[in-house]
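Following the hints, put chain B in place on chain A, whose structure we already have.
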Amino acid sequence: MITVENLTKRYAAKTAIEGMSFQVQKGEILGFLGPNGSGKTTTMRIITGFMPATDGTVRVDGFDVFDNPIDVRRRIGYLPESPPLYLEMNVAGYLRFVSKIKGVPKDRIDGEVARVMERVSITDVKERIIAKLSKGYKQRVGLAQALLNDPPVLILDEPTIGLDPKQIHEVRQLIKDLAGSHTVVLSTHILPEVEQTCHRVIIIDRGKIVAVDTPQNLRFQLQGVERVFVEVQGPESEIVAKLRGMPGVTEVRKLEQNDGRHRFQIEGELRKDIRSDLARTIVQNGWGLYELQSATMSLEDIFLKLTTAEEEGKTGT
Amino acid sequence: MRNILAIVERELRAYFSSPIAYVVLTIFVFLSGIFFRSILAQVMQMALVSQMQAQQLGPRPMDMPGIISRGFLSTMSVILLFIMPMLTMGLFSEEKKRGTIELLLTAPITDLQVVLGKFLAAGVFYAILLLSTWIPTGVLYLYGSPASGPILTAYLGLLLYGLTIVAVGLFISTLTENQIIAAVLSFGAIMVLWLVDVVASNAESPTSKAVLSYLSILSHLDDFMKGVLSTSNVIFYLSLMLVALFLTYRSIDSLRWRA
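These protein sequence lines map, in sequence, to chains A and B.
Residues 1 to 317, numbered by my numbering, are exactly what the first sequence covers, in order.
Residues 1001 to 1259, numbered by my numbering, are exactly what the second sequence covers, in order.
Here chain A stands alone, though its shape is the one from the complex (with noise of 0.2 Å):
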């Protein structure tokens, strides 16, 4: 549905983004993930045909952005990261704009309106002056802004941003819904909203893609090993010369001790789950296991890993 290739922009003073290359699949979540001032608005604000590149292609659905903009951006609804309200205007005149701009038929205006509306649950302040609504509802009505006329790609820069955690799910939870009969992009710092909505991720840093997979993938390939917590009352010595000796456990690390429990960390080959082994043994010998733990690296740790790996000039994965 997206086919970036290549794509670079330079200012007079920086480059924003370098050689980026990615495609988007029909129906497809794409997350793009990186720090402030990565690129993420950059390459959005591009692929809505808002800025030229400065060289590279894109194009959606076969149109090319720099060619034929117009055919491309009736196929994109767009949120730009400051939602686009013009605050002087109620939600239903400010939405009823749009759809004409947008070129929705004359005598589906108002059915086209009430259904965003209903989408994002805005219904009820329908009458209200933008300027006068909370954040969260702004950030709402720009969402359903960006659904009107029902485009088949949604690109969305950072869209749970200043809403509350009911509403964060609520959108996560839209966003879903639209997949399958919608491409989305999103852009997000937020590394739990990755995980949560998300089909695969883009991981962008300064510029240039760092790593591209599915959440779990990406975990996976970063983790480098299995690591579990256990705190088990017993012998010292014994258990960790038990537990070193088990198959696939490649480390053993003794982290506190209290009333003669003890805490290990231990780590085991990759993608090979340990816990139920080391259950046993220690069951088996007769200690006493009080918890056990397994510490799956988050997309945070991942994302901090590739990042910082960068800085020290290495590849991340």
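Some clues are possibly wrong.
Said to hold, decoys possible - The list that follows gives simulated cross-link-like pairs (lysine to any residue, SDA-like), each with its CA atoms no further than 20 Å apart:
(1) A/LYS135 with B/LEU1116
(2) A/LYS132 with B/SER1018
(3) B/LYS1096 with A/LEU87
(4) B/LYS1096 with A/MET89
(5) A/LYS272 with A/SER237
(6) A/LYS106 with B/VAL1008
(7) A/LYS138 with B/GLU1094
(8) B/LYS1226 with B/VAL1043
(9) A/LYS138 with B/LYS1096
(10) B/LYS1096 with B/LEU1116
(11) A/LYS135 with B/ARG1098
Worth flagging that the hints you see were computed from the coordinates, not collected in a lab.
Frame of chain A; chain B shown alone:
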């Protein structure tokens, strides 16, 4: 066309949902009333003097309503100079400041439609402003019988003059995010186009004199006020308007590159 109308409608709603429209209309109507009254008083004075002269030298014809309307409508051109920047200052600068420009430039409409929509909106508001002078002009028709020709050409001249100023102001509002700066710059630019006339009268060489006086937006209004409709004057305003609109269009394009 539908896209342009959508933008015109939104802009006009924006004018009337903010205090700007009401402040501008009120001040304009108030000032035009005061000026009309003072011009009327002056002409009455003139009439009295000429009546006394007539007793000695014999009667002379005098087009009182014509003198009044000419004086009044040329005064309007000066008042408008001060008021117009307020109509155009926010057209693009506010969009830039609030980020709504991103909506307009990513919607399936062309930049030209955006530019024309905004130009027409300010133009329509200006026409409303101009029409508010029907009261003083109507008074002339009520108590006298002025020649309609010069009044119509004067209005046409003022319309072209005003639309030119709107186009210049529109261009300037693309250059900044700050409404006040846009207003001050527009005022300055119009003032320069206005004052070249003064510079022209002091110019040494006849060529520079001719060129400078041609560039003055006010000197081209004189003929309209006298009831003379000349193509060269119409072309002058239309071409200045088109240049300003073209610059606006290019400025939006460069905004995309720099954004």
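Violated constraints from the hint list, given by number and in increasing order: 1 and 5
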